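**Q** The listed protein sequences derive, respectively, from chains A and B.
In terms of the working numbering, the first sequence opens at residue 33 and continues consecutively.
In terms of the working numbering, the second sequence opens at residue 33 and continues consecutively.
Calculated from the structure, these hints are not laboratory results.
Predicted model, so just to flag it, every value in this text is computed and none were measured.
Even glycine gets a Cβ: it sits at the ideal position worked out from N, Cα and C.
Check the hints yourself; a few may be wrong.
Some chain A residues flagged as far from chain B (calculated, every beta-carbon gap over 10 Å) [to be verified]: (1) K41; (2) R43; (3) D54; (4) E61; (5) T85; (6) R125; (7) Y139; (8) A149; (9) R209; (10) R273; (11) A341.
Here are the simulated BS3-like cross-link-like pairs (lysine-lysine), alpha carbons at most 25 Å apart as the crow flies [claimed, not checked]: (12) A:K312 <-> B:K340; (13) A:K174 <-> A:K42; (14) B:K42 <-> B:K175; (15) B:K340 <-> B:K312; (16) A:K192 <-> A:K174; (17) A:K182 <-> A:K192; (18) B:K182 <-> B:K192; (19) B:K174 <-> B:K42; (20) B:K175 <-> A:K109; (21) A:K182 <-> A:K42; (22) A:K109 <-> B:K42; (23) A:K340 <-> B:K109.
Number of protein chains: 2
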Amino acid sequence: MQPDPGAHKKRTDRFRRFAEVDCLIILDESNIRYLTGFTGSDGAFLVGADWMTLLVDGRYVTQAGLETRNLEIIEFKNRAETIAAIFQERGARFIGFEPAAVSYGEYLRLCDSLPQATLRPLSGRLDFLRAVKDAEEVGEIKKAIRVAEKALTDVMSLIKPGIMEAELAVELEYRMRCGGAERMSFETIVATGPDAALPHATPGRRRVALGDFLLIDYGAVVNGYHSDETRTFCVGRASERQQEAYRLVLEAHDRTLGAIRAGVSCGEIDRIARSFLAEKGMARYFSHGTGHGVGLEIHEAPRLAAGKADVLEAGMVVTVEPGVYFPGEWGIRIEDMALVESDGCEILTVPAADLLEL
Amino acid sequence: MQPDPGAHKKRTDRFRRFAEVDCLIILDESNIRYLTGFTGSDGAFLVGADWMTLLVDGRYVTQAGLETRNLEIIEFKNRAETIAAIFQERGARFIGFEPAAVSYGEYLRLCDSLPQATLRPLSGRLDFLRAVKDAEEVGEIKKAIRVAEKALTDVMSLIKPGIMEAELAVELEYRMRCGGAERMSFETIVATGPDAALPHATPGRRRVALGDFLLIDYGAVVNGYHSDETRTFCVGRASERQQEAYRLVLEAHDRTLGAIRAGVSCGEIDRIARSFLAEKGMARYFSHGTGHGVGLEIHEAPRLAAGKADVLEAGMVVTVEPGVYFPGEWGIRIEDMALVESDGCEILTVPAADLLEL
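Chain A extracted, bound-state conformation (with noise of 0.2 Å):
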């Protein structure tokens, strides 16, 4: 992605105001490249009042410069001892850092190399900073939901019995790359039969068989920016235990799209999928989260959970994905992503219908 100019020091200052602190570590690699640019690991961006700096180490010199702008590029042999070296340099007092991002022992490693500076973590909504998506960020998610729809229909006329999960999945990845997917979204699931009750099984060699529900949740990268969407398919004529069934996370997933608009709070959009399906005596089987922000990370703020206070802005993006597991048989997922708006959302993917009976 190419943000307009400007985007990126808008962020960054988003983000120094966050938190009462003259100076900024930046470790996450999803931050970092939403305020950079830069798309390398292991890097280190660094904010003072009026001064900006990304570590890289040698592998990323170069790339660095080509994909960055006003900031200096500094190369590190030893991430925790530059970043201290530069913050001495710079009389930095209180820093601000990530606390999901820093792990305990740099932790303590910078802590011990920053003996005259206070280190703050950014407590609270920090995760939120990059929740509400900008119009190219939803642009990019878009390309990338594209991208992975566009493959997943090409493969469809593979789906018959005799097909091994395992096979499935590599076609369609392979038609997600053609496509223009840098990399997947997540090890994509192709699960049949009792594979579909477990709600993240890897695929393997079972092969899809007559009566069997066929669960497929796959997502495409570009630009960095990721899409997430389940289907389930029933191979041949399903019982009518499992129309029922897919009816009603059919129903539970409608619902709660038409829930979605800005000023709802997260827990309230994870109770309606949640209480509907309780009401039909499944909610035994739906072992997971309504659905999940998306964005540079696959699963990003907010979380579409029981008792999240959070509430939904207009910007965000999210999943809605209720699901059924019936251990030792077969599992139901539905997922679409939504644009919250303010009266309403936008579903970015081509809605979930009806069951497909292939």
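Model the placement of chain B on the given structure of chain A, informed by the hints.
**A** Leaving out everything else, chain B in the frame of chain A:
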């Protein structure tokens, strides 16, 4: 991988003996897999004197039951709270944890919820507890290498002027997946011309041209174990200068592999590659370490880098990967994998040879 029935137990005992604590929290996913066989994410493995408990979230309960033996499986909603509840019930006093796998934020949450216990970072050589591989592990690494090398052989015919870096990466990955790779070891690097001077370039829209160096760094994962190998080819005839540079990197590579044996320090191994290239006036173009351990993670202990005092032991599996990069021009890296033995090493990959002009 299905290690022999006692392997998980022996490994856990080794971790336990490592620390003077009565309990352990293991959060690192690769360590959890190593110790229990569980392949999911977000788990926690708690170990006491005579009990072992694996915590998993709702998505993984069924899977954890299938993958593990001889331990209690408990589902959590909030990981830190459930960890605390179990340790409280068991009367844990001194609890060891992995300082690199626990974020500062999670550390604070654990301290808050375990006021009666002392949390002790497992310091020092924790990273080395997986460094020496057993025969099963070496077998899995060899499988991963074979899958990857077969795929590269199969795409060689596609390497000709006009093919795009990204196209070649996609075709290579597809063949690795078809051959049985569960995923890529890392994002495949296919870099040509000046892109090959970026040691970690992302395959892009650049097309191979006559006279280009083409650098391919790739690997497959089989049963959790990684392969890692880099080849540099010339498309068409190489210039004298390209030939000379390749010859020097290959000699650095061969000399380094020739020095690998149990008892030699990792810093000494790095020095052999680095001092040879320095003698030839190329020190400043060799901008990364000489190699690293490989196993359940693509980069693990030991690191073959300047000044490292760690000593190679029989059973360690490492890469040897000298390279030189001329910004704006081209780059060369040659990487093979070796199993350290008492009196030398077994090169696990099909070792690199003279420059191939395609």
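**Q** Given the hint that K192 of chain A pairs with K174 of chain A, does the C-alpha gap stay at or below 25 Å?
**A** violated, 29 Å
**Q** Is K174 of chain A within 25 Å of K42 of chain A, Cα to Cα?
**A** holds, 23 Å
**Q** Hint check: K182 of chain B vs K192 of chain B, CA-CA at most 25 Å. Holds or violated?
**A** With Cα atoms ~19 Å apart, K182 of chain B and K192 of chain B stay inside 25 Å; holds.
**Q** Would the non-interface assignment of Y139 of chain A survive a Cβ cutoff of 10 Å against chain B?
**A** Contrary to the label, Y139 of chain A does not stay out of reach of chain B, its closest Cβ about 5 Å off (not over 10 Å).
**Q** So is R209 of chain A really clear of chain B, every C-beta pair being over 10 Å apart?
**A** violated, 4 Å
**Q** R273 of chain A: least C-beta distance to chain B exceeds 10 Å?
**A** holds, 20 Å
**Q** Does A149 of chain A sit more than 10 Å from chain B, CB to CB?
**A** holds, 15 Å
**Q** Between the alpha carbons of K175 of chain B and K109 of chain A, is the straight-line distance 25 Å or under?
**A** violated, 34 Å
**Q** Is K312 of chain A within 25 Å of K340 of chain B, Cα to Cα?
**A** Measuring from Cα to Cα gives roughly 62 Å; hence the hint is violated.
**Q** Does K42 of chain B lie within 25 Å of K109 of chain A when you go C-alpha to C-alpha?
**A** With Cα atoms ~36 Å apart, K109 of chain A and K42 of chain B exceed 25 Å; violated.
**Q** Is the nearest Cβ of chain B still more than 10 Å from the Cβ of E61 of chain A?
**A** holds, 13 Å
**Q** Between K340 of chain B and K312 of chain B, is the straight-line Cα distance small enough, at 25 Å or below?
**A** holds, 23 Å
Comparing the model with each numbered hint stated earlier shows that hints 7, 9, 12, 16, 20, 21, 22 do not hold.
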